[in-house]
Structure formats: structure tokens, C-alpha cells
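Number of protein chains: 2
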Amino acid sequence: MDEWEVIARARERFPVRGGSRVIGIGDDAAVVGERLLSTELFVEGVHFDRGWMNWDTIGRRCTEIVLSDIAAMGGTVDGLLVGFSGTLGSDEINLLLDGISSAEVPVLGGDTVGGGGECGVVLAMTVLGNAKRPVLRKGAQAGDVVYVSGALGGVLAGQKLLERGRRDSPLVERFLAPRARLDLASFWGRSASAMIDISDGLSSELWHIAGDSRVRIEIESVRIPIFEGVETVFENPIEAALSSGEELELLATAPVPLLEGKEIGCVKEGEGVFLDGTLLRRSGFTHRW
Amino acid sequence: MDEWEVIARARERFPVRGGSRVIGIGDDAAVVGERLLSTELFVEGVHFDRGWMNWDTIGRRCTEIVLSDIAAMGGTVDGLLVGFSGTLGSDEINLLLDGISSAEVPVLGGDTVGGGGECGVVLAMTVLGNAKRPVLRKGAQAGDVVYVSGALGGVLAGQKLLERGRRDSPLVERFLAPRARLDLASFWGRSASAMIDISDGLSSELWHIAGDSRVRIEIESVRIPIFEGVETVFENPIEAALSSGEELELLATAPVPLLEGKEIGCVKEGEGVFLDGTLLRRSGFTHRW
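Residue numbers (the working numbering), protein chains in the order written: chain A, 1079 to 1367; chain B, 1079 to 1367.
No lab work stands behind these hints: they were computed from the structure. Check the hints yourself; a few may be wrong.
Since copy identity is lost for identical chains, a pair holds within one copy or between any two.
[Stated by the list, open to error] In the SDA-like style, the derived pairs of lysine to any residue whose C-alpha atoms are separated by at most 20 Å in a straight line are: (1) K1210 - T1154; (2) K1216 - R1294; (3) K1210 - E1112; (4) K1346 - T1165; (5) K1210 - G1111; (6) K1340 - R1245; (7) K1346 - F1265; (8) K1340 - R1242; (9) K1238 - E1122; (10) K1340 - S1168; (11) K1216 - G1111; (12) K1216 - T1356; (13) K1346 - Q1219; (14) K1216 - S1299.
Working from the sequences, and respecting the hints, build out all of it.
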């Protein structure tokens, strides 16, 4: 059973009652009235590796990833709950708290569990936010334009360089320190018809919007903004930009131009995602059991 | 560094601004306006053991434990976010979802992470609730009476029996299926001056209220209600009732009688917790790094 099957099963099992102001499983954050809520788990050996990153980098990176769920809904952040389990020394806990606090978001509470044997650290981050008008994945309309908020592919390229032992590159910095686009989120939220953050990869997110909105999305590869230097790491930078995850840039559709938005394509009636006229495969990372 | 030091450090590091309607680290749930929010991590091998319990029991038990944080504030529950990581088969995931859904609370969202090697399952539960007037730990006043919502010690006695291989006892059932006292929470919340749920043990919770409220609490051992059968497992049932955790009963102080409340003592000026006139030691479980 893979991640999508688990989500589908959970959706089926937990139909959310309570009218249109409560939106459950399946968007970046849950919506309860004007409140937004999202939780993410980060598992050592799956999402991060203490050989690659210091604990402050891990803390900062995980924090930005969960904050990005609120950005994806066009929201602003009220605060975080932080839980962690596993074996961590006192210095490591301090560094982790440093990293989390660098996001300058109030930490409202949390839970800590020591021990757990030889097992790695699990970090559970929950973010509370709010939006007067949360932007879902399902609002894209034929005629809208598709925008991304920044250059892509740098995160994947940075990871590749780090795997090769390189540290002295802006690409590595891009991998270690992606930033949630909360600077743009509420601006984009006013005009966007559908929005998502790029956490699994551009191609996967395009499929989410197209599927949930029941529209066809057409993208032009020449318009996809590529992070500087990706071409030095990958022969096919477009492919890298399509599959690079945890970019935390916003992807949105809108009937009007979005502040600092880079236009990459358009929304039409129909279904599917097409790149230069060819059906685009879903890529990106799927957790599998 | 133990759990309390981590919490103290986090409190210091993340002072919550924003006035009296935002209450951060240190109560059962964080308070943001009228919203309540709490997160708990459950780690295989620390909080549960798949040899002892089926996955539906684990799901149900963990759900009740996190719901109890909202009960402790006198709130009602809006919904849950559920995250889990680790190696689980498809049948096990189904059972876990069964257990969670038995609480009949909307699941608003979550996160799932497969793999993580040989490591156990980590379950991260976050609950969103609300209360017009959240009851904190710090409001107890000299002259208040101390109440508990039910008989204690059964959870610890049940765990003991289960360790000895016994299954056919109401005590074991009590250990496997404690219930959050959401049935009483909003009634108690109207009149209680301070409230907490019994998750670490009565004695530990009494110290929390006495410390945060800067009062002295005096308890009479003959008044502590003991779960039926505890005396067949422990020579000293009072000791068991004082240290038994995850009871999920409410402990509150109030100037007026509380519905179904069992009076166990009184609040005076001063400090500390006294049992039959003797200083009570803090017991209960503390996670340690």
C-alpha cells in the first residue's frame, strides 16, 4: 500500500461533516473556519541524515517545510507545536531548538519523548495558521494562467552535490535552507484560484491541481525557471526542475498576474498535465509500505 | 537532561508574545484565542508494545490520550491530525485507523511516512479543540476543594496483570481502553479554578497544580477513590493510585461541587502537596535524555 492509498483510505474512513467550513484530508492544510492546521513527520534516515546536516539545519529545514503548508493555502502563521522522539544529547537538542527558532514563529507547545533504543529521531511539527479565504487545490478554472514563485531544481541539485561530498555551492545552501514563501502567500492568496507548495516536485503538484480542479494544465518547458547552476549537475535541468521536491516555492493558478509570479503555462478544459504538448508523467517521491 | 529541563528550556527560548489570549508551553494544550491545540508523540517500545496490544487498541488508546488534553482544559474537540511513521502492513494500518475512528472524532488531516528501517512505529497525534474559557493549571485558590472524576490505580494494575500474561480482567480492560473525560470536561470547565488530566499520575498532577497556582494542596488518602480490584494486585493501593499514569481522569480544584466529582482534599495558602499531613513525593514517569 503506498502513501496515496493510505490517504484515500483515510479520506473514505473519516468523511468530514460540519459543512463547507471544515475541509479535511487532501489539501496542504486542514481548514476549520478561518483556522488552518497541518502536521508533518520527519524521520531520521528518511527525511534527513545527521551525517549531512547539523541539528540546527535539520530544525530550520523541517520548520520551513511545515510552514510552507500554510503558505500553500495563502495563510499566515500563528504558531507551531513541536514534538520529537529518539536519542538526542543536550547539545543536539539546543541546536535543534536554535534551528526551529530561526523561523521566528511562536512555539506554542509540544511533546518530547526520550529513548526509543537505537532508533533515529522523529520530529513531528504541527503548524496553526489562518486565512480569511483559504486557497485550495481544486479551484483552477479554464482560462487561468499557471505561476510559480521561483526558480526550481536547485534543491535536488544541491542534494546531489552533497551526496558527492561537496559543501561549497549555492546549490547545497539551497538544499539545506529552503524557505517557505510566506512573504508572498497572502498576496497570492487574494487572487489565486488554486494553490499548492512544491514539496513533492513540480510535476506531482501540477497533477494535484489538475486532478482536484478537474482541468487540463499545459506547461511550456522553456518557461520553467531553472535555479542557477542546475545545468552543471544535471544533463536535463527541466527534468530536475520537474521532480525536485521540498523546493517550497508556490505553484498557483490565477485569472490575473501574481506578484513576482513566473508564468509557466495555462489552464484549459479537459484533464491531465501536458508539457510541450506531451502527457507529463507524475514524478516525485511517494512513501510506500 | 530530562523532560522538564527540555520544557523549561523551550519555554525560555520561545516566550509567547501576543497578550493573554495566547498561552504557550506548559499547560495541557496551547490556547490561541478560543482554540485549543495539543500534540503528543507515541513511540513503539516506549508508549506501547505490539506484543501487548492489537493495532486497533493502540490507535484507540493513543487517540483517547490526546483527546484528554482538551478535556483537561474544559474544552470540546473539533478534530484530529494523525501522523505515523515506521513499518506497518496494510492490515495493521487498517486496524490502526479502526482504533482511531472508534473515538468518533473527525480526522482533519495527517501525514504518513513509510520505512525507517527496523525502527518502531511513531504515532503523532494533534488535536484541535475549543473552549470559551479554557481552564489552566494555575487558577487554584485557597478555599477551593480538590476533585477527581473517577477511581484510580486500575490502569497501573491492569498493566501489571498484562505483564504477567493475564488478559481476562476488568483491570486489563481499564489499562487497554482508558477514556478521555470529554463527557464531563465542559461541565467541570464552567466552575473549575484549575484543571489537569491524570496522565503522569495523581501525585505528579497535584504538584503541577500546586506549583503553577502557588498554593498548598492537602489530600486525605481515605478519600482517594480506588479502582475495584487494585488491592488484589498491589499491597498498597493508595500508592498505586498516586502513581498510575494515563488514567485520563480529570483532577480539578473548584469553589463549588463538580458534577460526579469525588472530593479528595482542599487548597490552602502556602506551597507543596501533602498527603495525610506528610509531604507527598512527586512520582510518575519522566522521560529522560
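Against the structure, the hints come out as follows:
When the C-alpha separation of K1210 and T1154 is checked against a cutoff of 20 Å, the pair qualifies only within one copy, where the shortest distance is 10 Å, while the shortest distance between copies is 23 Å. With identical chains, the CA atoms of K1216 and R1294 are at most 20 Å apart within one copy only, with a shortest distance of 12 Å there and 56 Å across copies. For the identical chains of this complex, K1210 and E1112 are neighbours both inside a copy (6 Å) and across copies (17 Å), given an alpha-carbon limit of 20 Å. In this homomeric assembly, K1346 and T1165 never come within 20 Å of each other (Cα to Cα): the closest approach is 51 Å inside a single copy and 41 Å across copies.
In the homo-oligomer, the alpha carbons of K1210 and G1111 lie at most 20 Å apart both inside one protomer (9 Å) and across protomers (16 Å), since each shortest distance falls under that limit. Taking the shortest alpha-carbon separations for K1340 and R1245, neither the intra-copy value of 29 Å nor the inter-copy value of 63 Å comes in at or below 20 Å. Neither within a single protomer nor between protomers do K1346 and F1265 lie at most 20 Å apart by alpha-carbon distance, with minima of 24 Å and 54 Å respectively. With identical chains, the CA atoms of K1340 and R1242 are never at most 20 Å apart, being 31 Å at best within one copy and 65 Å at best between copies.
When the C-alpha separation of K1238 and E1122 is checked against a cutoff of 20 Å, the pair qualifies only within one copy, where the shortest distance is 18 Å, while the shortest distance between copies is 33 Å. For a Cα distance limit of 20 Å, the shortest separation of K1340 from S1168 qualifies neither inside one copy, at 44 Å, nor across copies, at 42 Å. In this assembly of identical chains, the alpha carbons of K1216 and G1111 lie at most 20 Å apart only when taken from the same copy (18 Å versus 30 Å across copies). For the identical chains of this complex, K1216 and T1356 are neighbours neither inside a copy (23 Å) nor across copies (63 Å), given an alpha-carbon limit of 20 Å.
Taking CA atoms no more than 20 Å apart as the test, K1346 paired with Q1219 passes inside one copy only; the shortest distance there is 7 Å, against 65 Å between copies. Within a single copy, K1216 and S1299 get their C-alpha atoms no closer than 24 Å, and across copies no closer than 60 Å, so neither meets the 20 Å cut-off.
Violated hints, in rising order: 4, 6, 7, 8, 10, 12, 14; the structure is consistent with all others.
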